[in-house]
Amino acid sequence: MRNTLAAAALACAAGTMSFGALAAEQGVTDTEILLGSVIPLTGPPALLGVAHTTGVKVAIAEANNAGGVKGRKLRLVMDDDGYVSARTLQSTRKLIDVDKVFAIPGHSGSGQVVAAMPVLEKSGIPTIASVGPVKAIYDPPRPNVFAVGSSYEDGIRALVRYLGDRNPGKTWGIITQDDDYGVAVRDGFDTVQKEKKLNVVLSATYKRGQQDFSSEMARLKESGAEVFLAGGIISENIAMVKEMEKLSIKPVTGIFWPGRVEAILKLMGPASDGLYAVDYVEPFGSPAGQAFMEKAKPLVSEAEFKGINRYTMAGYAGARVLIEAIKRCGRELTWACTNAEMARTKDLETGVMAPIGFGPNSRFTDSRLQIMQADFATLSYKPVQ
Amino acid sequence: MRSGTFKETYPELIALTDSRLVWFWGAVLAIALAAAPYLVNAYLLSLLTAILITVTGVLGLNILTGYTGLISLGHVGFLVTGAYGYAVVSGRWGLPPLLGFAASGSVAALLSLVVGAPSLRLRGLYLAITTLAFAFIVSHLIIEAAPLTNGARGITVERPSFGGLSFASDQAFAHLCLAIAILTLFGTLNLRRSRIGRAFVAIRDNDIAARAMGVNLHAYKLLAFTTSAFVTGIAGALYGIYLSYVSVEGFPFLLSIEALAILIVGGLGSPLGAILGTIFVTLLPELTRSALAMFGSEAEALFSTGAQELKSILYGVVIILFLRFEPRGLVGIWHDIRRLWVHWPLRF
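The listed protein sequences correspond, in order, to chains F and D. Taking this note's numbering, the leading residue of the first sequence gets 1, the next gets one more, and so forth. Taking this note's numbering, the leading residue of the second sequence gets 386, the next gets one more, and so forth.
Extracted from the complex, chain F is given alone in its bound form (with noise of 0.2 Å):
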């Protein structure tokens, strides 16, 4: 009798445990939470996009290494868009649906999460972007998508505030690129030259993956502009401030946060030094960056790590939040949990970016913004005071 009691007991036991498993969301198992990532890893923006995965590597290999989250480990699934809208869905829906993911830690460009966003909304899965926090992602606010960093508008407007207020006087060129980021470069720019009555003497647009700016450098020249914000992203950044080498004139630069990898300072050469840049990460030049630096280089391979940029810090942050959050859901994990839970993220330290918050209507962590300056001896960006 006591047998058949026990045999009855542990089948209720197994019936609850299995019950427990079929209730689960997606992509959980005993023993794993599956996560997925749809980010460029081909072709040039791939810069961006490896650099950002390894970032969401990063937090995930950390939070293994601590035993996984509740006995469970995490595993990363990617999926390449080519940074073209059209594949970001098609990838969106391949994680969802086919690779049955938890949750995206890692979310494409900003055209491309716009794109993805019907989706996200319908299917309720929580997602974070990390990548290049538009307004559209997070306003309105959706319960299940979260943006990490700062809005274009409001870093252009710190680094162009800075540099009006050390260069009184001074006659100022901007160019941008002819899309939504370089429309979000100019809005920031027009309200502050309105704000300090700024004394633009140049102001062009280039087409996007325009390589050739010795037209454009040669204005710049002859404009005789002082302080020049570069709106580009990597290759024409690199492409304005060599031309202006070349024409022997080197006006107190700006560049913005899309373009703050290290790696183009090498490429532009002395010329980088003294550039002035705004990011609401940190510099790898700074206390906080050399102590994530230490603590990616054991959970990655060589190669992830020599591609380590600011994009992996972003990558990095945007995974701990989540992560953290589906460690305060438990066992129980469900999306509505984790989404609940993302919401309620308050003062998140990462070390690296000032501490992340949500709340319920804010999808947006709005982060502090610092500016930084290139220093070309040491390939890195140092924080200025």
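Source of the hints: derived by calculation from the structure; they are not laboratory data. The structure presented is a predicted model; accordingly, all values stated were derived computationally and were not measured. Since no wrong hints were added, every one of them can be taken at face value.
Label-pair distances were calculated between CB atoms; the ranges are:
#	chain 1	residue 1	chain 2	residue 2	range
1	D	Gly411	F	Arg328	55 to 63 Å
2	F	Val98	D	Ile522	35 to 43 Å
3	D	Leu706	F	Ala377	48 to 56 Å
Beta carbons are placed, not taken as given, at the ideal position from N, Cα and C, and that holds for glycine.
Since chain F is already given, all that's left is putting chain D on it; use the hints.
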């Protein structure tokens, strides 16, 4: 059992098909496609929707390149114009979606007159380069016309509702795309067997001979451009709705090349080829992924993480192989299979 093809009258010659079996299997396929959205998962549904939209666009290009022999590298210009036509009329102005669709086709067709005019004097590579320039000009104009198009910021597009029907769900939107693809297919098939279609083909085969036979080259070339652009514009509207967000960035130049690749792989000048080519090119990466999955998860991951580079390589290899070994494309292979089936055991 059919033992050959005998056409004795012109109506027989230009009929869509003289086989009831073809109509039967066509109806079965249409029913299967209509049921598919309820049977497949969201990812496969997304692929199906993408195929249907691409079929519409490629059928549009086929009118120009396949039927009339005019090469266009700038069809993405009509695609983006159609997408913006719909997004501005329906999204920004809040007018009924049907007007949005009408605008998407009409604006693209009107613009095609601009690029169609040089085609009266230019051919081959020169025309291709002209159309390519057109695509770049269109992108630039859209960005500059910010008060109308919202410039580089793009426009968010909602799923349409009209005629008492809502196409908000993925299934309903797939049905809308299916209906438009079928309409386009029948439209292009009927066009091909009409006097206009025969004039297009005559121009493609030899425009001097066509003119000698009384074909008005100016009128028919422009008609080919406008018809093709109209259909491509409608496909652009569907693509914009599919993406839910229309911006110039979402319509890279590569789409023009992909459309031409589909026509080459499928078989130039054949609507069936356009469909087969679209299915083949869209599903090729998925089939490759599945094949790699058989070698383990690491091989599959290699494809996922290098998908875009591998896709480009795959497209290139496939085009080279088709041009080298089967210039008639997939439709040529299909005809061989049909002949084998009809004539077996005799040599086809």
